[in-house]
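Chains as they are written, first to last, in the numbering used here: chain U, 1 to 252; chain E, 1 to 267.
The hints are simulated quantities; they were obtained by calculation from the structure and are not laboratory data. Among the clues, some could well be false.
What the hints assert, rightly or not - What follows is a set of in silico ranges between Cβ atoms, one per label pair, in the way DEER data are often shown:
(1) R190/U with M61/E: 51 to 57 Å
(2) R22/U with I29/E: 30 to 36 Å
(3) E3/U with V46/E: 40 to 46 Å
(4) S40/U with I29/E: 35 to 41 Å
(5) L250/U with L158/E: 56 to 62 Å
(6) L15/U with V50/E: 55 to 61 Å
To be verified - To give an idea of the interface, some chain E residues facing chain U are shown, with a C-beta separation under 7 Å as derived from the structure:
(7) D24
(8) E27
(9) T131
(10) Q133
(11) A136
(12) G141
(13) I142
Predicted model only: the values in this text are computed from it and were never measured. Even for Gly, the Cβ is constructed at its ideal location relative to N, Cα and C.
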Amino acid sequence: MPESPIVIESVFKRLGTKQVLRGVDLSVAPGESVVIIGRSGTGKSVLLKHVVGLILPDAGTVRVDGVDVPTLGVADLLELRKQMGMLFQGGALFDSLTIGENVGLPLREHTDIDESQVELVVHEKLHLVGLEGVDDMRPSSLSGGMKKRAALARALALNPKIMLYDEPTTGLDPITADLINRLIRRLQERLGITSIAVTHDMRSAYHIADRIAMLHEGRIHAVGTPAEIQATADPAVRQFIEGSAEGPLLPT
Amino acid sequence: MNETDVEPLADRGPFRFILNGLRDTGEVIFLLGDVIRELPRGLGKVPLVVQQMVAIGIGSMPLTVIVALFTGAVAAVQASYQFRDYVPMIYLGTVIGKSVVIELGPVLTALVVGGRVGASIAAELGTMRVTEQVDAMEAMGISPTRYLVVPRVVAATLMLPVLTIFADVVAIFGGYLVAVLTLDVSSHTFTSGLRLYFHLRDVFSGLIKSVFFGAIISMMGCYYGLRSEGGAEGVGVATTHAVVASCLLILIVDFLLASFLFRVLFA
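Please model the complete structure; the sequences and the hints are all you need to start from.
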């Protein structure tokens with residue numbers, strides 16, 4: 001059996017004075033969709049950024065396609081990143097570019113396809129996320145949900161094998177959130193994209209996850225299929241998925 | 001002691017100041033190395049460079065011209081006051097011309113452009129940093145140095161000498177206006193004085209300095225912008241640091257270059 005596309009082993013990370021990750025172990029099988037849940041500030045996004053090498057671990061290893069990410073040089077890292085797509089929390093669209101230019105940027109930077117092809121792919125990706133006629137608009141004139149969808153289209157521009165989603169549905173209305181959830185699921189089922197999503201939206205987690213992992217106190221506290229997680233007796237997990245202020249997790 | 005409460009040595013009192021200074025210096029040198037390495041591919045992004053040249057060069061032109069006009073004017077007023085009863089007024093043009101091209105033109109232009117451009121670069125890149133746009137760029141496999149830093153550094157380094165040439169001309173013209181209109185110095189006296197002891201190397205030394213000033217302004221803006229953190233407040237801090245650091249470095253480098261140019265090269 002080939003090695004899992006994403007392997008995270010005993011990763012430790014301190015940011016400033018805070019020890020965020022204290023030995024995280026997680027591996028994602030080919031074509032699998034893993035959702036990391038956990039409270040705000042537990043380091044879910046930090047963990048996700050380790051996978052693309054935006055943050056380097058203090059200790060431990062992160063391997064993507066068998067390659068040890070933290071040891072890669074600049075050129076190899078850029079090369080590896082072309083096979084990954086990442087959706088950022090706020091979209092992170094470049095506000096100096098139009099939506100069309102945003103989505104087309106990875107194509108223009110990394111491929112030699114001509115301008116008409118770029119336009120075609122941009123339209124296809126925007127259509128995929130349910131956005132039409134926004135090519136010439138600036139990110140600042142789009143709603144939060146539209147920005148996120150445009151950002152998703154941009155992340156998909158190079159047909160990545162691995163997708164990382166940072167809070168894909170946070171701040172979206174329930175209908176748009178469902179559209180995104182379905183899209184993530186469809187990408188995984190049809191294209192076999194391996195993915196990690198970080199969220200605290202349990203509805204979304206149940207929808208898109210093959211496995212759910214809960215990050216708590218710097219470690220993976222519990223892992224299981226959505227059914228297992230829903231049926232768990234672990235008090236911390238129960239409290240989180242039920243969204244209760246009472247239990248072992250104290251309000252911060 | 002809870003491990004989350006450990007305060008690193010670098011955050012304590014006097015260590016902080018020294019260590020931060022050393023860290024910044026080291027990181028700026030690394031960034032400069034990156035810029036030089038990415039220069040060939042960054043230069044290939046002609047539209048981005050041109051866009052920055054317009055923003056930095058043409059955008060700073062009105063400010064530069066106004067500053068230069070009043071600099072020349074005040075130089076004429078002050079010089080004529082100092083000269084009164086001691087020095088013939090033919091030297092008014094000489095002293096204005098020399099002080100403008102050697103010092104006032106390049107340095108004052110750099111200081112005002114440093115405030116304007118340094119702040120705008122730091123604020124723009126800082127906002128991109130805190131809204132994860134820089135992360136997104138890296139995650140896409142696009143080098144922020146190549147895409148963001150190189151065009152700004154190249155544009156500022158090219159445009160500062162151009163702005164300085166305009167500043168030199170306008171400042172001398174400002175001095176001329178004050179001299180001829182209010183100081184009872186004839187146009188001929190002023191221009192003869194200007195030509196007296198005029199050396200082209202003085203102009204070049206000013207322009208050489210302005211090349212360094214352009215690099216300083218853009219590097220400081222990019223460096224502090226890219227390492228800003230913590231939202232709007234962080235961007236504000238980055239902007240302040242960028243402007244303060246450029247102004248200080250401009251004056252320090254001005255001294256070093258003046259020492260080199262006039263004591264070694266043209267000595």
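The hints, checked one at a time:
1. R190/U with M61/E: 51 to 57 Å: holds, 55 Å
2. R22/U with I29/E: 30 to 36 Å: holds, 34 Å
3. E3/U with V46/E: 40 to 46 Å: Because 43 Å falls inside the window, the suggested range holds.
4. S40/U with I29/E: 35 to 41 Å: For I29/E against S40/U, whose Cβ atoms are near 37 Å apart, the range 35 to 41 Å holds.
5. L250/U with L158/E: 56 to 62 Å: Holds - the Cβ-Cβ distance for L250/U and L158/E, about 57 Å, lies within 56 to 62 Å.
6. L15/U with V50/E: 55 to 61 Å: Check failed, 39 Å falls outside 55 to 61 Å.
7. D24: violated, 17 Å
8. E27: violated, 16 Å
9. T131: Nearest chain U Cβ about 6 Å off; hint holds.
10. Q133: holds, 5 Å
11. A136: holds, 4 Å
12. G141: Holds - the Cβ of G141/E comes within 7 Å of chain U, reaching about 4 Å at its closest.
13. I142: I142/E check passes; min Cβ-Cβ to chain U is 5 Å, inside 7 Å.
The structure is inconsistent with the numbered hints 6, 7, 8, although it conforms to all the rest.
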